[in-house]
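Got chain B; can you put chains Z and W on it based on the hints?
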Amino acid sequence: MNQHALLFFLRGQGLKFAVIVFTFGLIYRLLHPVLLGRKKNLAAPRGGEWGPGMRTIWHRSLFPVRLTPRGHFIIIAGYIFHLGFLITLLFLSQHIELVKNTFGIYWPALPPGAISIAAVLSIAALAALFVHRITDPVKRLISDFQDYLVWVLTLLPLLTGLALDMAADYQRMLIVHIISVELLLIAIPFTKLAHMLTTFSSRWYNGAIAGYKGVKA
Amino acid sequence: MSPQSIPIHALTEEAHSIGNIRALLTEIASLLDKLDRNNESGMIDLNSLPLAPGEYEKLRLALGRGEVSARIDAIGPSEIIETHYPGVWWVTHYNVEGDIVADLLEIATIPEIIKSQPEDMHAGLARLRTRLSEVAE
Amino acid sequence: MKDHETLSERLAEQGISRRAFLKFCTALASLMALPPESAAAMAQALAKSLRPSVIWLSFQECTGCTESLTRSYTPTLESLIFDMISLDYHHTLQAASGFAAEKSREDAMKNFYGKYLLVVDGSIPINGGGVYSTIAGRTNLDLLQETAKGAAAIIAVGTCSSFGGIPNARPNPTGAVAVSDIVRDKPIVNISGCPPIPSVITGVLAHYLTFGTLPDLDDLNRPRSYYGTTIHDRCYRRPFYDQGKFAKTFDDEGAKNGWCLFELGCKGPTTHNACATTKWNGGTSFPIESGHGCLGCSEPHFWDAGSFYTPLSAPVVNIEATTLGAAIAGAGVAVAMSSLDRNKIHRAQQAHEIMSVKDL
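Protein chains in written order, with numbering that gives the first Met the number 0: chain B, 0 to 216; chain Z, 0 to 136; chain W, 0 to 359.
Just so you know, these hints were derived from the structure itself, not from any lab. A virtual CB, placed ideally from N, CA and C, is assigned to each residue, including glycine. Be a bit skeptical, because a hint or two may be false.
To be verified - Listed below are the simulated EDC-like cross-link pairs for lysine to aspartate or glutamate, each with C-alpha atoms no more than 20 Å apart in a straight line:
1. 247(W) with 184(W)
2. 114(W) with 101(W)
3. 47(W) with 118(Z)
4. 57(Z) with 78(Z)
5. 15(B) with 303(W)
6. 57(Z) with 44(Z)
7. 114(Z) with 72(Z)
8. 114(Z) with 56(Z)
9. 244(W) with 164(B)
10. 114(Z) with 180(W)
11. 33(Z) with 111(Z)
12. 33(Z) with 44(Z)
13. 99(B) with 251(W)
14. 278(W) with 54(Z)
15. 114(W) with 184(W)
16. 33(Z) with 36(W)
17. 255(W) with 111(Z)
18. 15(B) with 319(W)
19. 33(Z) with 56(Z)
20. 99(B) with 340(W)
21. 278(W) with 98(Z)
22. 148(W) with 217(W)
23. 39(B) with 36(W)
24. 47(W) with 66(Z)
25. 278(W) with 56(Z)
26. 278(W) with 96(Z)
27. 148(W) with 218(W)
28. 57(Z) with 288(W)
29. 278(W) with 81(Z)
30. 99(B) with 319(W)
31. 38(B) with 352(W)
32. 38(B) with 87(W)
To be verified - Derived Cβ-Cβ restraints for the label pairs, each shown as a range:
33. 320(W) with 198(B): 48 to 54 Å
34. 112(B) with 53(Z): 24 to 30 Å
35. 249(W) with 53(Z): 17 to 23 Å
36. 217(W) with 61(B): 51 to 57 Å
37. 348(W) with 142(B): 25 to 31 Å
38. 211(W) with 128(Z): 34 to 40 Å
39. 53(Z) with 142(B): 57 to 63 Å
40. 213(B) with 343(W): 50 to 56 Å
Just chain B, with the same shape it has in the complex (with noise of 0.2 Å):
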């Protein structure tokens, strides 16, 4: 198979599956959950359910002040990295036309100088938080194979796509860049990169059951 033959596959077929994997995978890990339903509270309610929860969501997206500076790191790291990534993911114009030819919907692409940025801040912020995580005693007893493989998977895609147009061969480069992406949407529902769903549905069900409770979460 040559580049041209592989790099048609990737953008087919190939696609094709990892989308499938990840929509069916991803859908199913954030509903079952939900459908399982609870136990039935006998406990009188003290308050509503979907208020607390959804402020949850909001509330817990927000920068929590009162933190030990190792908290702070953790934060900020995790912070940059999330915001790097889905700049990156979002407003690269290449990104867009991805979208727009499937979906037929878009939205203003950001100048690539300030993507780069974005990308290149969230590599190092992922660098720094396996630092943190290999040198912190807690952190390295408590991570296993999965932490490690998800970093992995989810540092390929910003490092080849940073390097897309520095490459001497651009072909070879994307070919690259659009395996790792299709490696990532495979893994998500397998691993626990399937939180950037369910990490809302727990959210608010912790909001919920406070709020049931007439706490604050």
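Showing chains Z and W alone in chain B's frame:
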């Protein structure tokens, strides 16, 4: 729609500039420096450069014309112009139909193509001797 | 024409001066993408070279490659190149026809066995024993195999003979393949493009004449001096790509300003060719300069690589329905599985017994 109704927009100086001219002038300066110091000549093939529309003309304007110009007729004309910067020659080779087949900047005291070639001199000498021998008879 | 005289002897006969020849070599060096200083050395080597015999076979093709070469912008240059070779068989250009034409091919093969150059344009159909294209009652496959045997090297001109090209596009009814799919024991140079840049064809011939060898080739057997960089690498619109300035339609403000055509499907980043610098029609322009994206015609399977107007970053298949289907299927399975699991929980709860005094 009449041709007059098509609006005409004047493009600004920078509209199509992608910065090739400055880069080229810098390279020319460095080659000219080499010629001056070490008597090393150099060439730039303009055909191999990704010039934006209009940049070729800008380069012409930037280099200007100097004191010397020459014309060669050999399978089509060739135009050799010393630019405003002595030692920097603009050499353009045309074919018989008037299309450019090679376009070079030559940084030298005299462009290679102007010099008489040994092979041509040998042939010319032979012709001259034949003529002399004919005259002698 | 005498076949074994050197070029300098022929030039002297025609009254072409050494200076004129040096000018010609300067033009050659420029189109071969060699440093301009090498013109003098080229002139030295070329003057001593002998004219090789060339057999040109046209198979499943549109004659666009021959048109490209013979109508190129430098007729004197190309005709000089043709003076430097002995084109013994080319069924579009030769005067002879019928048996006489085939005889000249056979004679050249016999007299210059192991030394002649074979140029091929067009793909070779192999389905049904190759019956889809025949010359003088013989299949292209047969002719190629026979003529390739005594060739010193093969030059595949155009995307069809290099990679199969348009005849090879799905569903490929004739089973069209490239020269390299059939001939495996000869050096092959692929000069791809639909059509290839004429000066690249002459450049490769000139390289063979000057150095007696084939030029340095890439992994698809294309000469690196022309196919070493992509259209994107040498494109004058590259700065706009780097700044994120893209034309969104063919007549918007961006298109008028000459911005990058990536979003209109330009395949420049994955296409290796010399169009951006050599340009077409006497250096007038090339597709991107004329406002249309690159189609990628010098690459394998360019015809089947998705729409010419789909950006490189977008999928080549429609994944909208797939995504929706996968989401609905995921939801459906979640409903089914959760009700199954609810039953399981329910049954587990039913199985509970109330503890009695006896248990204690």
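Checklist entry - Okay, which hints does this one fail, numbers in order? => result 1, 8, 10, 17, 19, 20, 22, 23, 24, 27, 29, 32, 33, 37 and 40
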